[in-house]
Amino acid sequence: MTPLLQVRDIAKFYGGRIGCTDVSFDLYPGEVLGIVGESGSGKSTLLNCLAGHLPPDQGEVLFDTRADGPRDTVTMSEPERRMLGRTDWAFVHQHARDGLRMGVSAGGNVGERLMAVGARHYGDIREQALDWLDRVEISGDRIDDRPSAFSGGMQQRLQIARNLVTGPRLVFMDEPTGGLDVSVQARLLDLLRGLVRDMGLSAIIVTHDLAVVRLLADRLMVMKSGHVVEQGLTDQVLDDPQHGYTQLLVSSVLQV
Amino acid sequence: MKGETMIEIRDLEKSFILHNQGAAVIPVMAGAQLDVAAGECVGLTGVSGAGKSTLMRMIYGNYLANGGSIKVGEVDVARAEPREILTLRREVLGYVSQFLRVVPRVPTLTVVAEPLLALGTPVAEAEARAKELLSQLNIPERLWSLSPTTFSGGEQQRVNIARGFAHRYPALLLDEPTASLDAKNREVVLSLIEDAKAGGAAIIGIFHDEAARDRVCDRVVDVTGFTPVRAA
Amino acid sequence: MSDYNFAYLDEQTKRMIRRAILKGLAVPGYQVPFASREMPMPYGWGTGGVQVSAAVLCPEDTMKVIDQGADDTTNAVSIRKFFENTAEVATTEATEEADVIQTRHRIPEQDLREDQILVYQVPIPEPLRFLEPSEVETRKMHALEEYGLMHVKLYEDIARNGAIATAYAYPVKVEGRYVMDPSPIPKFDNPKLEMAAVQLFGAGREQRIYALPPYTQVVSLDFEDHPFDPSKADHPCALCGSEDSYLDEVIMDDSGRRMFVCSDTDYCQSRRMAGHVGTEGVPFEEASL
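Chains as they are written, first to last, in our numbering: chain A, 1126 to 1381; chain B, 295 to 526; chain C, 745 to 1033.
Simulated from the structure, these hints should not be mistaken for laboratory data. Note that CB positions come from ideal geometry on N, CA and C, so glycine has one too. Just to be clear, a hint being listed does not mean it is correct.
Chain A residues, not near chain C, derived (Cβ > 12 angstroms throughout) [what the hints assert, rightly or not]:
#1 Asp1134
#2 Gly1141
#3 Arg1142
#4 Asp1147
#5 His1178
#6 Leu1187
#7 Asp1189
#8 Gly1233
#9 Ser1308
#10 Val1309
#11 Leu1320
Listed next, the stretches of chain A that the computed footprint assigns to chain B, with coverage defined by at least 3 CB atoms under 8 angstroms from CB atoms of chain B [as the list claims (entries may be wrong)]:
#12 1310-1318
#13 1355-1362
#14 1371-1377
Input sequences plus hints: build the corresponding full structure.
This is the structure in structure tokens:
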């Protein structure tokens, strides 16, 4: 089976400082990869390089496109990359405000990607929007409300709906539960797991929260100071950490 | 009914290296060998800390091996790619640990049905099987729509077992499956194990309860024999 | 003999503007930046249209200027006088006789010919501006043909008002490529954008020129289940009886009595000269000239 994503030797430097370096991995359809590390580990830099938000200084990111097979998204033209970002890829931001149009209604937010790829039937667009709001557990009677009237958890769920409406195959998530109340986090995690399984999504999730990663990710990559210090099955890395830093990280988690 | 060898372990070795304690090396296993055939149940014995759970976790891929091989069906877990192990866990190898770890808020019925849903089983069929198991294990129907995180220890253990038996795994690892269960439920679990054996599953179990062990295990293996002598 | 260079602007400026116009005609609907000059009227008073007209006028041309369809409003009169003084060209109120027509917010009712030029005054050239305030981003959207946001605006209209509420400056797609703001003409005029004359659009403050060559395909954006409707008031013109021209609503007195009359004054007059009379109109010969 062809990997959905093949990452080879990605590196990003800020002058003499290492953003991230020497990152290589394969991601297969249906797999969820977690990237953990503390502040400054380079995980967000890596995610942005992979998602096309930041140009890496080295390396390739080969995505198995529907039409042309594996293509390097780093050297792809900008129109193609933007098109990928609207259809086959999705990016869930840590702050919902960065991923939503706050001045547009919830229905408009969900419908935008559909309209961007040519949907021209108002009734159909609205119906799809209602369907997705239901899937992310937002009441349908809020379809015409602006996100500014929503709670943080609802905004985050709306962001997920907006991203998934075009059926992407790869979702990037940057601290998807950061800043949310604990009970709200639980609801969101459950939702994400269900969607990943039902839609056969692959996902790359950056987080500092090991509990999130244990619940959501099949595989785990641990980063420190821009380097990947360990990778493997999530439960193996967390239960039998090999690298000294991973051992420290795991033992530092507060038990409730 | 014994069939082909389903689980084959050769020369298995493991050490823990504690980097934050001055890189202390703790060898826990050396030269482990084990064969389990389809339809056979092997019990692991040995004193506490001898490495029973460790061996089980290594077979599941939860712990890394430092040497040797662990073949489950066609896959050598000690050497396999993460996604091969993931596929193995989904289709072939089941594991009932001592702890129930679930996403909060998911109803018990869904927790138990999940292994079948992950295989693409239609929801109705998966839930029917889950209901059957929950009933057998005497979990009252009023609890099926609640998350098991609020249940008692015994109830959680029974949900854990139900989940472990939802899919007919060809290979099954059971870590203390009858712990914290009363006589009635212990009986249910033992008959589930016998049922699985009859269906051709290769089973490795850790049982503190000698009666239970004697009932379902065809033979026992003492892991103390695999424990390396540690430097004083 | 005028002390001004022909049509006020120096020859180099006119050259620069003509280059921009040619680019605009070569890429219909694309907003071409140009170096808008300081004109002797403030921004917001038609400086873009005036610069474009100045660049395309020839000494033997006849010019017409209308504002909301009328030749006799203050702005139309001022601009017409401006060109009479600086270019000494003939001017007219008859659409048929004009070579260059400068207009604010309306398209003449009468069909225009291939040898005529229609110059529009444009306030905000960017149709996406209200949804996306960043110029960098909107330029990218045009370059990459990312127009999903435009339909989001229409979607929001329908969600909020039950129908697309945009009544003027209704966005259009040109030759299947660029989305364009046709200037604040009523949506009733949108179908006329497919015409035989050259159409030039000038925005002085925003410093953009765009253009539509003759017979360019112009399609108003809509949804399949909410098709574009070029609606107008459901009345005939009270003066000339016309059923298919765009009407102005005129409040007659304090009790709210109102009258609908053609917004295009030349059109109304032509019809009355031809003998058509509306409910409140008088036959043309009898009106004092």
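To see whether the hints hold, each was checked on the structure:
{"no.": "1", "hint": "Asp1134", "verdict": "29 angstroms, holds"}
{"no.": "2", "hint": "Gly1141", "verdict": "30 angstroms, holds"}
{"no.": "3", "hint": "Arg1142", "verdict": "28 angstroms, holds"}
{"no.": "4", "hint": "Asp1147", "verdict": "33 angstroms, holds"}
{"no.": "5", "hint": "His1178", "verdict": "15 angstroms, holds"}
{"no.": "6", "hint": "Leu1187", "verdict": "23 angstroms, holds"}
{"no.": "7", "hint": "Asp1189", "verdict": "23 angstroms, holds"}
{"no.": "8", "hint": "Gly1233", "verdict": "5 angstroms, violated"}
{"no.": "9", "hint": "Ser1308", "verdict": "31 angstroms, holds"}
{"no.": "10", "hint": "Val1309", "verdict": "27 angstroms, holds"}
{"no.": "11", "hint": "Leu1320", "verdict": "23 angstroms, holds"}
{"no.": "12", "hint": "1310-1318", "verdict": "holds (count 5)"}
{"no.": "13", "hint": "1355-1362", "verdict": "holds (count 4)"}
{"no.": "14", "hint": "1371-1377", "verdict": "holds (count 3)"}
Checked against the numbered hints given earlier, the structure breaks only hint 8 and satisfies all the rest.
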